[in-house]
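So the sequence lines, in the order shown, correspond to chains S and C.
Following our numbering, the numbering of the first sequence begins with 1 at its first residue and continues without gaps.
Following our numbering, the numbering of the second sequence begins with 1 at its first residue and continues without gaps.
Worth flagging that the hints you see were computed from the coordinates, not collected in a lab.
These numbers come from a predicted model, not from an experiment.
The C-beta atom is built at its ideal place from N, Cα and C for all residues, glycine as well.
Careful, some of the hints might be misleading.
Computed beta-carbon distance windows for the label pairs [to be verified]: (1) C:C46 <-> S:G29: 14 to 22 Å; (2) C:A86 <-> S:P13: 23 to 31 Å; (3) C:G45 <-> S:I153: 38 to 46 Å; (4) C:D62 <-> S:G173: 42 to 50 Å; (5) S:P148 <-> C:A43: 45 to 53 Å; (6) S:S159 <-> C:G45: 18 to 26 Å; (7) S:E135 <-> C:V85: 41 to 49 Å; (8) S:A19 <-> C:D63: 46 to 54 Å; (9) C:D26 <-> S:T141: 26 to 34 Å; (10) S:E135 <-> C:D63: 34 to 42 Å; (11) S:L80 <-> C:D62: 36 to 44 Å; (12) S:I61 <-> C:E81: 45 to 53 Å.
Covered by chain C, per the in silico footprint, the following chain S stretches (three or more residues, Cβ under 8 Å) [stated by the list, open to error]: (13) 14-27; (14) 161-173.
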Amino acid sequence: MRDDLHHARPSSPVEDRVAALESLLVDKGILDPTAIEAVVEHYEHTVGPMNGAKVVARAWIDHAYRERLLTDATAAIAELGFSGPEGDHMVVLENTPEVHNVVVCTLCSCYPWPVLGLPPNWYKSPPYRSRMVREPRVLLTEMGCIVPEECEIRVWDSSAEIRYLVLPIRPAGSDSLSEDALAERVTRDAMIGVARL
Amino acid sequence: MRTADWREEAFFEPTVPRSNGAAVFDAPWQPRALALAVLSVEAAGCSWDDFRRHLITAIGEDDGRQYWDSWVTALGAFVAESGLVA
Numbered sequence: 001m002r003d004d005l006h007h008a009r010p011s012s013p014v015e016d017r018v019a020a021l022e023s024l025l026v027d028k029g030i031l032d033p034t035a036i037e038a039v040v041e042h043y044e045h046t047v048g049p050m051n052g053a054k055v056v057a058r059a060w061i062d063h064a065y066r067e068r069l070l071t072d073a074t075a076a077i078a079e080l081g082f083s084g085p086e087g088d089h090m091v092v093l094e095n096t097p098e099v100h101n102v103v104v105c106t107l108c109s110c111y112p113w114p115v116l117g118l119p120p121n122w123y124k125s126p127p128y129r130s131r132m133v134r135e136p137r138v139l140l141t142e143m144g145c146i147v148p149e150e151c152e153i154r155v156w157d158s159s160a161e162i163r164y165l166v167l168p169i170r171p172a173g174s175d176s177l178s179e180d181a182l183a184e185r186v187t188r189d190a191m192i193g194v195a196r197l
Numbered sequence: 001m002r003t004a005d006w007r008e009e010a011f012f013e014p015t016v017p018r019s020n021g022a023a024v025f026d027a028p029w030q031p032r033a034l035a036l037a038v039l040s041v042e043a044a045g046c047s048w049d050d051f052r053r054h055l056i057t058a059i060g061e062d063d064g065r066q067y068w069d070s071w072v073t074a075l076g077a078f079v080a081e082s083g084l085v086a
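The following block holds chain S by itself, in its conformation from the complex:
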């Protein structure tokens, strides 16, 4: 039915469907076209994993913030000005030498938008969603994330209301870095738990 190779065609049925829904909602006066543009712009260009990286960097340098983050992540993240859809019930998972945390959404694509932006394609793919539960160590290794044998892997399913953010272990040798420089070291994948820093 689908014809992905056919990029040249004018519009696909799904594209038409979106356009029809948009027209319907706008024509009925339910949605404001300006607001639609603003939201598109926001999610295409503004929201991204940099917010999460700032949260992580702050937690690395500020012990009191780290405690607040681990106790009430939603509030601690809001302190830095980050909140919104898919960010209401945040829990931060602290990686340690003994425990490596990794996040999946087995049923759909739940993901903490305010701190990580929108989920990458692989996060939403059926193989990631099923295999991360079934064989996390194998899959992590395939993804280039080597977790030491003695380190326990904990897989967290975001399919409840909770959205998770992994707090990676601060890289060795980063003692002299500023908060901003630390934030640049934090990767999106490390905050999902599919990479280690």
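Start from chain S and add chain C according to the hints.
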């Protein structure tokens, strides 16, 4: 190395979130579908979970379907159920 399952090119993208990370859309209608969902949920006075329920159903119906196609199916179902356009 990578298994054939990882058909998504995004798997190889750079991951340092210096700016906004990788593109998460591969066609312009996708961010529009996202925006319509976000704003419709707000307009209907619903919680995001009300949309998510439809998304889970749509994905569950056909897990081989492209993600954003399922999203649009969920959006249609949400709008119908919400009574927004009744």
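(request) Look at the Cβ atoms of S:I61 and C:E81 and judge whether their distance stays inside 45 to 53 Å. (result) 47 Å, holds
(request) May I ask you to test the hint 14 to 22 Å on the CB atoms belonging to C:C46 and S:G29? (result) 18 Å, holds
(request) For S:E135 and C:V85, compare the CB-CB distance with the range 41 to 49 Å and indicate the outcome. (result) 45 Å, holds
(request) Starting from the range 23 to 31 Å, see whether the pair C:A86 and S:P13 falls in it by beta-carbon distance. (result) 24 Å, holds
(message) Is the coverage entry for the segment 161-173 of chain S by chain C consistent with the three-residue Cβ rule at 8 Å?
(response) violated (count 1)
(request) Using the beta carbons of S:A19 and C:D63, state whether their distance is inside 46 to 54 Å or not. (result) Taking Cβ atoms as reference, S:A19 and C:D63 lie about 26 Å apart, which means the hint is violated.
(request) Could you check the hint for me, namely that C:G45 and S:I153 are 38 to 46 Å apart, CB to CB? (result) Distance hint for C:G45, S:I153 holds at roughly 40 Å.
(message) Just to make sure I understand the rule, a stretch counts as covered if three or more of its residues have a C-beta closer than 8 Å to a C-beta of the chain. Does the segment 14-27 of chain S meet that for chain C?
(response) Coverage by chain C holds for the segment 14-27 of chain S (9 residues, Cβ < 8 Å).
(request) Given the range 26 to 34 Å, decide if the beta-carbon distance of C:D26 to S:T141 lies inside it. (result) 28 Å, holds
(message) Is 45 to 53 Å respected by the C-beta to C-beta distance linking S:P148 and C:A43?
(response) 49 Å, holds
(request) Return holds or violated for the Cβ distance of C:D62 and S:G173 against the range 42 to 50 Å. (result) Holds, since C:D62 and S:G173 (Cβ atoms, about 48 Å apart) stay within the stated range.
(request) Using the Cβ atoms, figure out if S:L80 sits within 36 to 44 Å of C:D62. (result) 39 Å, holds
In summary, the structure is inconsistent with hints 8, 10, 14 from the numbered list given earlier, while agreeing with the others.
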